[in-house]
Amino acid sequence: LKRNRAAAKSKKPTTTSTAIEKPEKKNKNKKKQEEEEEEVIDEVVEYSDDMDSDDDDDDDEENMFDDDDDDPDKYETVDIEFCVDQPAEKDYHGVKTFLKQLLPSVKLFANDLADIIIAQTNVGNTIRIEDNEELFGYTTVISLNKHKNITSIKQLISAISSGFGSHRAMMKGILESPTTGLLISQRMVNVPYQIIPPVYRAVLTSIDTLSSQKNTDFKFENYLVITTYQKSVSKKPTIPSKKKAKTEPSEDIIYINAEDQFLRKVAKLEFTYQIQRGEEKQRWTLGGVMSTYALIMVIPASSIPS
Amino acid sequence: MAVRAQFENSSEIGVFSKLTNAYCLVAYGGSENFKVFENELSDHIPVVYTTIAGCRIIGRLTVGNKRGLLLPNTTTEQEMLHIRNTLPDSIVVQRIEERLSALGNVVCTNDHVALVHPDIDKETEEIIADVLGVEVFRQTIAGNPLVGSYAAISNQGGLVHPMTSLEDQKELSSLLQVPLVAGTVNRGSDVIGGGMSVNDWSAFVGLDTTATEISVIESIFKLNGAVPTNIVNRMRNSLIDNLHQ
Chain W
1 LKRNRAAAKS KKPTTTSTAI EKPEKKNKNK KKQEEEEEEV IDEVVEYSDD MDSDDDDDDD
61 EENMFDDDDD DPDKYETVDI EFCVDQPAEK DYHGVKTFLK QLLPSVKLFA NDLADIIIAQ
121 TNVGNTIRIE DNEELFGYTT VISLNKHKNI TSIKQLISAI SSGFGSHRAM MKGILESPTT
181 GLLISQRMVN VPYQIIPPVY RAVLTSIDTL SSQKNTDFKF ENYLVITTYQ KSVSKKPTIP
241 SKKKAKTEPS EDIIYINAED QFLRKVAKLE FTYQIQRGEE KQRWTLGGVM STYALIMVIP
301 ASSIPS
Chain B
1 MAVRAQFENS SEIGVFSKLT NAYCLVAYGG SENFKVFENE LSDHIPVVYT TIAGCRIIGR
61 LTVGNKRGLL LPNTTTEQEM LHIRNTLPDS IVVQRIEERL SALGNVVCTN DHVALVHPDI
121 DKETEEIIAD VLGVEVFRQT IAGNPLVGSY AAISNQGGLV HPMTSLEDQK ELSSLLQVPL
181 VAGTVNRGSD VIGGGMSVND WSAFVGLDTT ATEISVIESI FKLNGAVPTN IVNRMRNSLI
241 DNLHQ
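Chains W and B supply the protein sequences, listed in that same order. In terms of the numbering used here, the first sequence has 222 at position 222, counting the first letter as 1, and numbering is strictly consecutive. In terms of the numbering used here, the second sequence has 63 at position 63, counting the first letter as 1, and numbering is strictly consecutive.
Derived by calculation from the structure, the hints in this document are not laboratory data. Cβ atoms here follow ideal geometry from the backbone N, Cα and C, with glycine treated the same way. Where hints are given, some of them may not hold.
Claimed, not checked - Below, a list of computed lysine-lysine pairs in the DSBU-like style, where the Cα atoms sit at most 30 Å apart:
1. W:K107 to B:K35
2. B:K222 to W:K148
3. W:K107 to W:K74
4. W:K148 to W:K74
5. W:K100 to B:K222
6. B:K222 to W:K154
7. B:K35 to B:K170
Unchecked claim - What follows is a list of derived Cβ distance ranges for each label pair:
8. B:A142 to W:S302: 37 to 43 Å
9. B:N224 to W:P104: 39 to 45 Å
10. W:P300 to B:S42: 51 to 57 Å
11. B:S101 to W:I129: 57 to 63 Å
12. W:E270 to B:K35: 19 to 25 Å
13. W:N132 to B:K170: 29 to 35 Å
14. W:N132 to B:V92: 45 to 51 Å
Start from the sequences, fold in the hints, and give me the full structure.
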């Protein structure tokens, strides 16, 4: 899987920024992963790490440059400028579409939650492109206690409660606490990871501002995150491959949201369970067979900025 | 009256159903929310559950009115037999060979007039005129040839794509001989034909439809406090009896 994607996407950017890449390659900036990456890549490519230069709270610029050595007919390069913006009424259908994919095993009645998200303009940010109608992503925090009676929240909670197991008592406490916020963050596939820090910063800053103004709705001690990841199913379920999976867990897992792998590290509590998307337990992709897992994390509010 | 419904979490009612004055086709698998069709209509007209070519998007593949029903060439024999058997004999069911086989998207009809995609075959136009008993006009709506997708009409009125110019609206209104209004359904969606199903006395729209959109729909299709005519007729008989007494 990695080899195919590396060969397909190898480019030599001439100046700033990094190319738009698939999720697992987002690890490439972390030193641990770099060696593994370079073994796999057929052409050695030098990338300039330029994550911070273009960072702005309001926009994030991505530039990709043509590589003459690569087949120029294969890939077009696109200059895209993403904007971090406030939710608006026009985002209703976009948010609703995203919400339906939040937990694929649940047929979420997303209308009410989408209404709440777009109405909450003081907390929550959307990722848009100028002059483009489509919503490319959004991040927001909903007060679980305030909205616990709406259909979609009830559906989500009953869906995740199947995976509580031994943590039932603790989860119950968290779900009923008035200081728990549901952190929802969704983006279209391949929206570059560089957009994540500005969006999160914007949301957390709004929350800080509101909570310092003694707005009790937004005083959060814990964030509940409901998300999914995909894991490749080993084709030969023998003991050697199981061992391999244990020593290099991150290789097998593809996170739908790149930030999840970091959130996992600071999570107070996390649990996962396999979910089925309709009829299929596993999905065939170019590289192998994937199965989807739900990942539920409880993160103390103080840990997120780090 | 206009009723809100959902098909398996989708607001696109006009995709999964085909509603006419004489019958209603509904797709399988809609769960509780789609029973609303049965609940509202089954006292007055037959409600037929079916697929077309194994697909559930029956509203976009078929076109019909009180006289007939036209099916695409992809319809299987079994499906056609099932539909023929369940519908009253007075309704002509015919399968047509047409390159533009998504008939629900290319034809928009009521019991008297039909608008069709400018590129459909001459034979198809003739079959439509013959089976459905309507006058056929080749038209576009807001510059878009998919007239079945961007408009919904009944014998009382019609709703068209929000970007339809006033002159176009006037022209279409004079062809169709019904009042038209440009508007949206399902909270701002401009695909009217896919978003709703309507006949002379009832309309079904998606759950997302706002109250404003519903009031526009109820007013243009004259659905306010509407009752099916056969019920009115039954009532009229007993009412008149009472008068004479």
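Status of each hint after checking the structure:
1. W:K107 to B:K35: Within the cut-off at roughly 18 Å; holds.
2. B:K222 to W:K148: violated, 40 Å
3. W:K107 to W:K74: violated, 38 Å
4. W:K148 to W:K74: violated, 49 Å
5. W:K100 to B:K222: It is violated: about 35 Å lies between the C-alpha atoms, which goes past 30 Å.
6. B:K222 to W:K154: Cα-Cα ~38 Å, so violated.
7. B:K35 to B:K170: The given pair, whose Cα atoms are some 37 Å apart, is violated under the 30 Å limit.
8. B:A142 to W:S302: 37 to 43 Å: Cβ of B:A142 to Cβ of W:S302: about 54 Å, so the range 37 to 43 Å is violated.
9. B:N224 to W:P104: 39 to 45 Å: Holds, since B:N224 and W:P104 (Cβ atoms, about 41 Å apart) stay within the stated range.
10. W:P300 to B:S42: 51 to 57 Å: holds, 56 Å
11. B:S101 to W:I129: 57 to 63 Å: violated, 36 Å
12. W:E270 to B:K35: 19 to 25 Å: violated, 40 Å
13. W:N132 to B:K170: 29 to 35 Å: Holds, since W:N132 and B:K170 (Cβ atoms, about 34 Å apart) stay within the stated range.
14. W:N132 to B:V92: 45 to 51 Å: Between W:N132 and B:V92, where Cβ atoms are some 47 Å apart, the hint holds.
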